[in-house]
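J.: Sequence:
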Amino acid sequence: MRSDPTGESQEFVLRATRNTATLYPGPLARAAHMAFLDIATECGLPLENPVTWSWRDLCRRMGVNYSGREALQLKAAIKSTKALLIESDYAIYSKPEGSRIRTREDALNLYDRVTIVGDELPDGTKADANYLWLAEWYLQNLNAMFSAPLNYELWRWLDQRSSIASRLYEFLMLNFYSGVPVLRINYHNLVQFLPVRRERYESDAKRQLGPALDLLIQVDALERALWMKSKAGLPQLHLHRGDRLTAPRDQRQIVMPFMQEEFTGSVTVKELRGLKPPEHLIVADFYRLWSGDERHRPTTKELAQARELIEHTGHAKAKALIPLVVKRMKKKWPEAKTFGASTKYISEVMADYDKEQRRVEHQRAEQLQRKRDQDEAQRKAAEDEKLLGTWRPVWERLPEAEKEEIRKAVGADKHRWLGPAARAIEDRLCIRELADRHSRQTTPA
Numbered sequence: 001m002r003s004d005p006t007g008e009s010q011e012f013v014l015r016a017t018r019n020t021a022t023l024y025p026g027p028l029a030r031a032a033h034m035a036f037l038d039i040a041t042e043c044g045l046p047l048e049n050p051v052t053w054s055w056r057d058l059c060r061r062m063g064v065n066y067s068g069r070e071a072l073q074l075k076a077a078i079k080s081t082k083a084l085l086i087e088s089d090y091a092i093y094s095k096p097e098g099s100r101i102r103t104r105e106d107a108l109n110l111y112d113r114v115t116i117v118g119d120e121l122p123d124g125t126k127a128d129a130n131y132l133w134l135a136e137w138y139l140q141n142l143n144a145m146f147s148a149p150l151n152y153e154l155w156r157w158l159d160q161r162s163s164i165a166s167r168l169y170e171f172l173m174l175n176f177y178s179g180v181p182v183l184r185i186n187y188h189n190l191v192q193f194l195p196v197r198r199e200r201y202e203s204d205a206k207r208q209l210g211p212a213l214d215l216l217i218q219v220d221a222l223e224r225a226l227w228m229k230s231k232a233g234l235p236q237l238h239l240h241r242g243d244r245l246t247a248p249r250d251q252r253q254i255v256m257p258f259m260q261e262e263f264t265g266s267v268t269v270k271e272l273r274g275l276k277p278p279e280h281l282i283v284a285d286f287y288r289l290w291s292g293d294e295r296h297r298p299t300t301k302e303l304a305q306a307r308e309l310i311e312h313t314g315h316a317k318a319k320a321l322i323p324l325v326v327k328r329m330k331k332k333w334p335e336a337k338t339f340g341a342s343t344k345y346i347s348e349v350m351a352d353y354d355k356e357q358r359r360v361e362h363q364r365a366e367q368l369q370r371k372r373d374q375d376e377a378q379r380k381a382a383e384d385e386k387l388l389g390t391w392r393p394v395w396e397r398l399p400e401a402e403k404e405e406i407r408k409a410v411g412a413d414k415h416r417w418l419g420p421a422a423r424a425i426e427d428r429l430c431i432r433e434l435a436d437r438h439s440r441q442t443t444p445a
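The sequence shown begins at 1 in our numbering and counts up by one.
I should point out that these hints are in silico values taken from the structure, not numbers from a laboratory.
Being a predicted model, the structure only gives us computed values, none of them experimental.
Be a bit skeptical, because a hint or two may be false.
Pair ranges (Cβ atoms, derived) [said to hold, decoys possible]: (1) Gly68 / Ala381: 44 to 50 Å; (2) Ala424 / Arg60: 41 to 47 Å; (3) Val394 / Arg56: 55 to 61 Å.
When the alpha-carbon atoms are kept at most 20 Å apart in a straight line, the in silico PhoX-like pairs for lysine-lysine are as follows [said to hold, decoys possible]: (4) Lys327 / Lys337; (5) Lys327 / Lys344; (6) Lys344 / Lys301; (7) Lys317 / Lys327; (8) Lys355 / Lys327; (9) Lys355 / Lys337; (10) Lys332 / Lys344; (11) Lys301 / Lys337; (12) Lys331 / Lys344; (13) Lys126 / Lys75; (14) Lys206 / Lys229; (15) Lys344 / Lys317; (16) Lys317 / Lys355.
Using N, Cα and C, we set each Cβ at its ideal position, and we do this for glycine too.
With the hints as extra help, turn the sequences into a complete structure.
T.: Set out below in structure tokens:
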């Protein structure tokens, strides 16, 4: 039970189901979905269907290496999201209609349609690109700004450092942008929205969520996060909204005690789709890429090796390294059979990966600096044109003697022999000097 946007308390039920022939959406499907939102928002609001993309661009945005195998995995991940069925008993709010959605016998999807190059389009023609149609109810909520606009680069930055932080960011985008400056939520409820298992002791819970909360405070998504006790004595978090997740209309909002959203009732998740720890996923990725084995059960030793890798690099980087390690092993040690053999190549692959990342970051930094330089040049040019437009009439009204004195001061009279082009430059120099003199005269000593 929780308060809805109208201020009333609602009890809700949300079910996510799938056909047994498809997988549940996992981390890859989640990352692809965020990349699609990034593509959709590039043209500004309102967002429109369909979203068009290429496999290479999608991989670039997601920070993974493009390959035919990666495209196949992405295709399966996207189809898993398309096949997901969402049943809502007042759990989903339609902002345009101002009411909660109850699906009754129907079910909702996030995607209405996914079409790959060569597939048949609704009008009977062949698709010349990849297209994705967001479900109408979802598209309307995005356009109604029911949640904060997605900052995809920030989401990726958080996800590379902590999947808990990126998931919390998604959760808070929705809850804070509705106008609520403080969210109170019991720890036992919050963890059911996150890729973690519930800790029994509060001290362990703080260690579990602390790094992710610190990251969100660092990027100003949260102002602060306080651990308190609920009325029933349960661990409870008081999350105070940061400027990054504050809607423009709420920038000057004065926070009052009653302006808090309670998320303290019971939340029961009946199906968690067999959540696996990160080290299990790393080992599974290795065997899937190495031998096509989709059902490998990691040994205790393999899990320990993967855990050590994750502790050293972080989950996102470890996941990115595995395909590169497999590629290196197939060239240098094709007879290898186990995940343990990969440890021999981790260091050299990581060195190459880090070098490539530095190159990419350097390239991005150069592009960003060029963009900043261009923006600064355009800004200065606009300011210069504004100054010239303001002071040209003043210059034209000056007595000729004063004009001549200013020309000599800026040395403009030395270049008159160059003709009309020089006279245009002369005018600009003189007008700027006139404006500077006026500024110096009016500036207090």
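J.: Against each hint, give a clear statement of whether it holds in the structure.
T.: Now the hints, each set against the structure:
Between Gly68 and Ala381 the Cβ separation comes to about 47 Å, which falls inside the hinted range of 44 to 50 Å. Roughly 45 Å separates the CB atoms of Ala424 and Arg60, a value that falls within the hinted 41 to 47 Å. Evaluation of the 55 to 61 Å hint for Val394 and Arg56 yields a pass: the beta carbon distance comes to about 56 Å. Restraint check for Lys327 and Lys337: satisfied, since their Cα atoms lie roughly 14 Å apart, inside the 20 Å limit.
Straight-line distance between C-alpha atoms of Lys327 and Lys344 comes to about 13 Å, which keeps the hinted pair within the 20 Å bound. Under the criterion of a C-alpha separation no larger than 20 Å, the hint pairing Lys344 with Lys301 is consistent with the structure, at around 15 Å. For the hint pairing Lys317 with Lys327, the CA-to-CA distance comes to about 16 Å; that is within 20 Å, so the pair holds. Proximity of Lys355 to Lys327 is assessed by CA-CA distance (about 17 Å); at most 20 Å being required, the pair is judged to hold.
For the hint pairing Lys355 with Lys337, the CA-to-CA distance comes to about 28 Å; that exceeds 20 Å, so the pair is violated. The straight-line distance between the Cα atoms of Lys332 and Lys344 is roughly 11 Å, inside the 20 Å bound, and the hint therefore holds. Taken as a hint, the Lys301 and Lys337 pair is honoured in the structure, with Cα atoms around 15 Å apart against an allowance of 20 Å. A hinted pair counts as satisfied when its Cα atoms are at most 20 Å apart, and Lys331 with Lys344 qualifies at roughly 13 Å.
About 18 Å separates the Cα atoms of Lys126 and Lys75, which keeps this hinted pair within 20 Å; it holds. Restraint check for Lys206 and Lys229: the C-alpha separation of about 13 Å stays at or below 20 Å, so the hint holds. Proposed proximity of Lys344 and Lys317 is supported: the alpha carbons are some 17 Å apart, at most 20 Å. Between the alpha carbons of Lys317 and Lys355 the distance comes to roughly 13 Å, so the proposed pair stays at or under 20 Å and holds.
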